[in-house]
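Heads up: the sequence lines are chains U and D, in that order.
For the first sequence, the residue numbers in my numbering are 3 to 196.
For the second sequence, the residue numbers in my numbering are 11 to 384.
You may find that some hints are simply not true.
[Unchecked claim] Far from chain U, some chain D residues (derived; all Cβ distances over 12 angstroms): (1) Ser238; (2) Val255; (3) Thr264; (4) Arg289; (5) Thr350; (6) Thr361.
[Stated by the list, open to error] Facing chain D, a subset of chain U residues (Cβ under 7 angstroms, in silico): (7) Thr10; (8) Ala13; (9) Val15; (10) Ser17; (11) Leu18; (12) Val75; (13) Arg105; (14) Met128; (15) Val132; (16) Gly145; (17) Trp161; (18) Val163; (19) Arg183.
Quick caveat, the hints were computed from the structure, so don't treat them as lab data.
Cβ atoms here follow ideal geometry from the backbone N, Cα and C, with glycine treated the same way.
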Amino acid sequence: MIDARAWTRAALVGSLWGALELSVGSVLHLSRIPLSGMVMSAIGLACLLTLRRLSPVPGVCLVAGAVALVVKVFGIGGLFPGPLIGIGAEALLVELAVTALPRGAAAAMAAGALVFLWGPVQKIAMVRIVAGQDAIDAAIVLGGRAAAAAGLGGVAAGWVVGAAVAALVTVGGIAGWSAWRLGGRVAGRLGVER
Amino acid sequence: MTRRIAGVGLGLAAAATLSGDLRVVAAAAAVAVLSAVVLDPPVARSAVGVAAGLTVALTAAAAGAAVALVEGPARGLLMAGGVVGRVLILWIAAGVLGRRVDADRLVGGARRLGLERLGLVLGLALNALPRLAEAAGEVWMVHRLRSPGRWEAIRRGPRIAEVLLANAVRIGDDAAGAAALRGHGGLAHPRRPALEPPAPVVVVTGPPGCGKTSVIESAAAALRAQGSWPVGITQPGVYARGRKVGFLVRDLATGEEAALAQMVERGKGEHGTSYRFSREGLDHAARALGRAAAGSVLVVDEVGPIELRGDGHMPALRRALATPGLTAVVLVVRRQLVPTLLAALVATEVTLVDVEEDPDSGADRVLRAIAGTG
Chain U
3 MIDARAWTRA ALVGSLWGAL ELSVGSVLHL SRIPLSGMVM SAIGLACLLT LRRLSPVPGV
63 CLVAGAVALV VKVFGIGGLF PGPLIGIGAE ALLVELAVTA LPRGAAAAMA AGALVFLWGP
123 VQKIAMVRIV AGQDAIDAAI VLGGRAAAAA GLGGVAAGWV VGAAVAALVT VGGIAGWSAW
183 RLGGRVAGRL GVER
Chain D
11 MTRRIAGVGL GLAAAATLSG DLRVVAAAAA VAVLSAVVLD PPVARSAVGV AAGLTVALTA
71 AAAGAAVALV EGPARGLLMA GGVVGRVLIL WIAAGVLGRR VDADRLVGGA RRLGLERLGL
131 VLGLALNALP RLAEAAGEVW MVHRLRSPGR WEAIRRGPRI AEVLLANAVR IGDDAAGAAA
191 LRGHGGLAHP RRPALEPPAP VVVVTGPPGC GKTSVIESAA AALRAQGSWP VGITQPGVYA
251 RGRKVGFLVR DLATGEEAAL AQMVERGKGE HGTSYRFSRE GLDHAARALG RAAAGSVLVV
311 DEVGPIELRG DGHMPALRRA LATPGLTAVV LVVRRQLVPT LLAALVATEV TLVDVEEDPD
371 SGADRVLRAI AGTG
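Input sequences plus hints: build the corresponding full structure.
This is the structure:
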């Protein structure tokens, strides 16, 4: 980094992300609103991809993620590991996607897809930690029974999982693309890109 | 010593939540409770309180019921017991850790780990939170005022994100600029040796199209009329059908011009721009900058991103800045590059003139700044 702007922008955008996690995230979580995790993932994507678009410096998303984590730690909800792991993983996945792929909307869409896929992976991992493998096995069996009761007994589990993954990748890709566009609008507003 | 042992015990108990053996989990839960009693009694009390009890009971009941349905009640009961132990341990570990984390510890910890910059970033982020909250409040108020109906409020919702992010970035840029002005280089990391002007510096800035070049040319004319000796370059734009298609470079001392850059197809430009630069133009600029001498006022319009990366006019500018006895140095730079320029400057006397504040008085303000520095 030639000057301090990438760092200071990461500080402020990370701070904004953490503050939104604290306020909007807590409200959504406590209200038990469905898909609140996806909403918070989309907010994180918007912050990270805008930051990366304005400051295309490797590592900048990780710095913003660290800042958001710290801000979230001081939240009223205390130190719940789930959201903290989610923030860290989101920053890491976005950083990986936008560093590995050429700068542009495609990288942003890949980042969005990865972030949205991470949600269920983290949930399964948390269930595994808290309840053990037996609970995962039981959930799979119960899911099969529910599918049979709904008349989907003939549908292979692989198809169901594949459809869910495809849906998450699509929604995540759209969220990433929207976040990249938002970054472009912010850049235009600030006169940074021309 | 006891507290240290308790801390290690709590860490081991947290690791034991990964075990599938319920006896290990039960023993770990007991260790966690004992550790909490030693380390932080309020957390131990909260672990047997109503909130923790409800959380543990609900999680254990859900997981136990699922397993009981599939593998029978006995297995479900065992599972529920394991969940009680694991959630209890995690509750205690999170509580003890959470009550020990504060801003100073985090910033200090980052510094102790050799992550000086991360420590500074965390400090800045935490200090900027009130300003961000204030900005968010204003954004929300404006949103409500401009959105009379609920539908209108929803339709304009994405604009809030755009304005909030732009505000955050602006505050970050202000912080970078302020740090550079005060000489704090903790976050800056110049890749090339800094610029060391031997004279006071006037930085003229403003957004694109606000008239920086006109202001500089008026100021140069006034300097000549006063008997001073301005040397250097301006780079007026070349327009076709109202669109900028290139740049000229004008020698301030002689008024001679040469073509410097021409817009080309996307992807075919140089230095990451949409322009192709001419060797003649760069040589013309180098000759103009080479006229710097003792007693002259060196003017460079403009120092752009290419120069700040060390290319373009930068080699000639460095040679010009090495001239002893310059009266003053006037550098024109876009507003968003001010922090970068200030970070690269080793100068104790820098005056900023923002042309946009009042374009009509821009030349006068530049002249006053030069007179004030001289």
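Status of each hint after checking the structure:
Every C-beta of chain U lies more than 12 angstroms from that of serine 238 of chain D, the closest at about 32 angstroms, which supports listing it as non-interface. With a cut of 12 angstroms on Cβ distances, valine 255 of chain D stays outside the contact zone with chain U, its closest approach being about 14 angstroms. At roughly 31 angstroms, the least C-beta separation between threonine 264 of chain D and chain U is larger than 12 angstroms, which holds for a residue marked as non-interface. With a least CB separation of 25 angstroms from chain U, arginine 289 of chain D remains clear of the 12 angstroms interface cut-off, as annotated.
A Cβ of chain U approaches the Cβ of threonine 350 of chain D within 12 angstroms, the least distance being about 4 angstroms, so the stated non-interface status is violated. The beta carbon of threonine 361 of chain D is kept farther than 12 angstroms from every beta carbon of chain U, the shortest such distance being approximately 20 angstroms. The interface hint given for threonine 10 of chain U holds, since its Cβ lies 4 angstroms from the closest Cβ of chain D, which is under the 7 angstroms cut-off. Annotation: interface hint on alanine 13 of chain U holds; nearest CB of chain D at approximately 4 angstroms, less than 7 angstroms.
Interface hint status for valine 15 of chain U: upheld, as the beta-carbon distance to the closest one in chain D is roughly 5 angstroms, under 7 angstroms. Below 7 angstroms, beta-carbon pairs count as interface contacts, and serine 17 of chain U has one with chain D at about 4 angstroms; its hint therefore holds. Proximity of leucine 18 of chain U to chain D holds as hinted, the smallest CB-CB distance being about 5 angstroms (cut-off 7 angstroms). The restraint placing valine 75 of chain U at the interface with chain D holds, with a minimum CB-CB distance near 5 angstroms, inside the 7 angstroms limit.
With a cut of 7 angstroms, the hint placing arginine 105 of chain U at the interface with chain D is violated, because the nearest CB-to-CB distance is about 11 angstroms. Because the smallest distance between the Cβ of methionine 128 of chain U and any Cβ of chain D comes to about 10 angstroms, over 7 angstroms, the interface hint for this residue is violated. Taking 7 angstroms as the C-beta contact cut-off toward chain D, the hint placing valine 132 of chain U at the interface holds, the least distance being around 5 angstroms. Because the closest C-beta pair between glycine 145 of chain U and chain D is about 10 angstroms apart, greater than 7 angstroms, the hint is violated.
Interface hint status for tryptophan 161 of chain U: violated, as the beta-carbon distance to the closest one in chain D is roughly 22 angstroms, over 7 angstroms. For valine 163 of chain U, the interface hint is violated, the least distance from its beta-carbon to any beta-carbon of chain D being 19 angstroms, above 7 angstroms. Taken as an interface hint, arginine 183 of chain U does not check out: its beta carbon lies about 10 angstroms from the nearest beta carbon of chain D, beyond 7 angstroms.
Violated hints, in rising order: 5, 13, 14, 16, 17, 18, 19; the structure is consistent with all others.
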